[in-house]
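All chains should be modelled from the sequences, with the hints used to inform the complete structure.
These protein sequence lines map, in sequence, to chains A and B. Under our numbering, read the first sequence as residues 1 to 329, first letter to last. Under our numbering, read the second sequence as residues 1 to 505, first letter to last.
You can trust all of the hints, since none of them are fake.
Pairwise CB distance ranges (calculated): (1) B/ARG335 to A/ASP191: 35 to 43 Å; (2) B/ARG335 to A/SER150: 14 to 22 Å; (3) B/LEU15 to A/GLN139: 27 to 35 Å; (4) B/ARG351 to A/PRO105: 23 to 31 Å; (5) B/HIS476 to A/SER75: 54 to 62 Å; (6) B/ARG41 to A/ASP145: 41 to 49 Å; (7) A/GLY231 to B/LEU493: 47 to 55 Å; (8) B/LEU361 to A/PRO183: 40 to 48 Å.
Just so you have them, the derived chain B footprint on chain A, three or more residues with Cβ under 8 Å: (9) 65 to 75; (10) 95 to 106; (11) 113 to 125.
To give a feel for the contact side, a few chain B residues facing chain A, derived at Cβ under 7 Å: (12) ARG2; (13) ILE5; (14) ARG6; (15) SER16; (16) ASP343; (17) LEU344; (18) ARG346; (19) VAL347; (20) ALA348; (21) VAL350; (22) PRO504.
In case anyone wonders, no lab produced these hints; they're calculated from the structure. Beta carbons: idealized from backbone N, C-alpha and C, even for Gly.
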Amino acid sequence: MNATVATPRPEALSTSRPVIHLDAVTKRFGAFDALRGVGLEVPRGQVFGLVGPSGCGKTTLVRVVVGLSVPTEGSATVLGQAPHDLSPDDRRRIGYAPQEFFLDPALTVKENCNFVASLYGLGWRTRRRRTTELLETLQLAEAHDRLARSLSGGMRRRLLLACALLHEPELLVVDEPTSGLDPLLRREVWDHLRGLSDRGVSILLTTQYLDEADSCDRVAVMEQGRTIASGTPVELRAQARHADILVFEVEQFPREDVGLLWRLDGVRNATATDGEVRVAVDDGAEATAFLTRWFSDHGATVLAVRTQLPTFDEVFIELVRSAEVDSLD
Amino acid sequence: MRPIIRTLSFFVKWLSEIARQPALMLLLVVGPFLVLLAFGRGVEIGGPKPRTIVVRTGEIDQPIDPLPEELSQFVDLVRETDDAQAARADLLAGRADAVLIVPRDPLLFLDQGQHVPLQVLIGEIDPVRASYARAFLRDQVATLNQQTIAKTITEAQATIEETGPIVEDAGGYLDRIQAARGDIDEVGRELTALRGALRPLIENAQSASSAALSLGSLLPGLRNTADQIDQLQSRLVELDATVGDLEAQVREAQTGDALPATSDIEDIRARLLEIQALAEDVQNIPAEVLSAPFELDLQQATPANLTFSEFYAPAVLALLIQHLSVSVAALSMSRTRLLNIVDLLRVAPVRASEVVVGHYLSYGTLALVVGFLLLGLMIWVLGVPVFGSWLLVLATIVAVTLTSLGIGFVTSLVTRSDQQATQVAMLFLLASIFFSGFAFSLDRITWPVRAVSYVLPSTYGIRTLQDVMLRGSHRHPEDLIVLAIAGAALMVLTMLLYRREVAPR
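Dropping the structure here:
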């Protein structure tokens with residue numbers, strides 16, 4: 001999965017005021033807390049990812065940011081103002097592509113672009129130029145006269161993205177931009193988002209694909225309505241107090257015996273594929289010799305050992321575990 | 001510039017949608033037109049003659065005379081019977097529209113100075129049709145009465161129309177009596193012949209007097225004529241008595257007596273002339289005039305006599321514009337909500353006023369295009385006249401459209417689903433059919449129900465369009481003012497409700 005996403009810029013930190021600032025934001029629907037004291041800052045010009053499982057509050061947070069929802073408690077500031085109180089001129093500075101399709105299915109791709117561009121007050125020439133550019137970029141040019149209702153899920157997502165970008169916003173808020181896209185399209189969407197970020201557009205996006213977090217400049221991990229960690233991907237890995245990952249290339253090791261590894265002290269996780277056993281351990285240096293001996297004792301031959309960075313899935317799991325432990329404490 | 005672009009965005013979007021479905025426009029314009037055309041061509045104003053069973057009461061040894069003969073002009077006579085139960089069963093089974101129960105001998109009632117009872121049973125459950133049937137039957141019975149009376153008077157006049165020749169003959173007898181004075185036998189024969197000549201006149205006068213007095217006791221308007229006939233009959237009886245007295249004198253007289261006296265002959269001659277004058281007076285007035293002294297001369301003060309379709313065309317137009325506007329506007333927000341487009345409108349830099357005006361522009365254009373096309377078809381194909389100001393007609397259509405759109409938009413913003421919005425639009429249509437003056441004129445709708453009428457834009461639209469188009473006058477100029485104020489108020493309310501709708505939650 002890592003192969004499908006773009007690489008973030010080495011350093012995209014900005015010292016200017018954050019474009020989005022949330023301070024202890026809580027959003028309550030009846031007795032249900034969709035957001036619980038969320039605080040985060042999105043620096044200008046960066047790609048900020050909100051990751052977390054479905055239902056963790058990402059979309060609610062996005063709706064607060066674009067002004068569709070008002071926090072029950074806490075405060076939100078977008079472009080220096082409360083998002084639900086933005087003037088039309090400030091709204092023109094924000095592009096929004098929601099998770100759910102909110103364009104008119106009875107209109108064609110081009111008509112929808114035209115409608116959205118008109119809502120943002122773009123003149124005829126600009127509308128035409130931007131529509132052509134974006135449909136080309138997002139590979140929708142050939143579908144320009146197709147009704148939106150006849151588009152595939154992926155095309156709809158790209159159309160939403162195109163419409164969010166028509167007026168060249170300085171802040172782009174995208175909810176699940178790659179949901180339902182095939183790996184190639186995901187890569188293209190990410191390339192496009194990175195390109196926008198390079199041009200100075202600040203981006204807040206949500207994703208369920210944890211590996212995509214590696215493509216963000218900064219990431220907030222959400223779980224059950226709260227942010228359990230926030231920082232650059234590198235910082236999060238550190239924050240996760242992650243295990244070292246040792247990958248053993250082995251022969252004559254039955255895959256079903258991988259469960260035996262779980263019982264060993266210092267082993268957090270172990271998975272086996274054909275010819276490879278991947279073991280997460282507390283201390284890689286100490287465990288390498290020990291585990292090499294353990295494999296030999298079990299009749300297996302270790303051909304090679306290498307260390308690997310944990311995937312973001314593993315980081316996420318670790319962060320969630322830590323958060324659970326913290327909350328128990 | 002940007003507010004204009006944003007406002008027009010809704011119009012352009014709507015235009016794109018509508019351009020993709022030309023059948024919709026065709027349906028909206030041609031549909032109501034065809035309905036109106038069929039209505040105008042296929043609905044009879046008077047309706048067919050009611051199928052009627054005549055039930056004769058009493059003995060049935062002779063046909064009813066003269067009523068059935070006249071009745072057949074007004075009703076479609078199914079059959080005559082004396083079985084009232086069977087006739088009633090046929091009525092309830094729908095094999096007849098009415099059962100007419102008439103007495104055996106209607107003239108007997110007249111002779112006794114009583115109305116002839118005509119009992120009519122109808123099987124109509126529709127109160128409008130039942131009301132129409134009652135009015136129709138009352139009218140027909142009045143006509144029947146008039147014809148019956150005319151017939152009786154004609155017969156009475158016919159009986160005394162020989163008065164002139166008989167009086168002339170009687171003059172001849174008097175000449176011969178004058179000449180034969182002294183010849184008692186000859187005078188006696190002539191006097192007997194004179195009485196014989198007067199006899200049928202007296203009998204006819206008695207018969208005519210009897211009939212006329214019967215009618216006169218029922219119809220005060222005929223009393224004068226009845227009195228004249230009675231007077232004629234009395235004069236004839238008195239004359240007969242006078243001549244009889246002379247005849248007796250002559251019979252008892254002796255040959256050579258100069259009887260009757262010349263003064264007696266002249267007296268008889270004078271009374272004969274008086275009788276003739278009386279008879280002429282009775283005959284001078286035609287029976288039709290005597291039976292119906294007042295003749296209705298109904299004239300239209302308005303510019304034209306209208307057909308059904310011409311009369312209803314402006315009402316259909318107003319009703320259609322209202323229904324179309326309310327329906328499309330009522331569904332607008334629920335569709336926007338359903339498709340989640342409302343979120344796009346919330347985040348976009350578009351003001352409530354721009355959204356509302358944009359929607360008015362889009363749906364208003366639809367309603368106005370349909371309205372104007374239908375108006376054109378009505379005028380140039382159905383021949384519906386426009387006697388008044390074209391400008392007022394167009395202004396009324398615009399005012400009804402704007403007000404109805406306002407009702408529709410408010411409905412769409414206070415209802416939470418398509419079904420609710422559709423139901424409200426249907427209720428408006430139903431209320432409009434009953435209370436807007438479309439089916440029943442406003443003056444037949446009593447308060448407080450009439451308040452409902454004044455809530456409906458079509459009430460003002462129908463009244464103004466019918467006045468301006470068909471009367472050529474504008475009798476309620478306040479209607480347009482009411483529509484304009486209501487339209488503006490509804491637009492403001494729509495904006496407020498829209499702001500509430502898109503407010504962050």
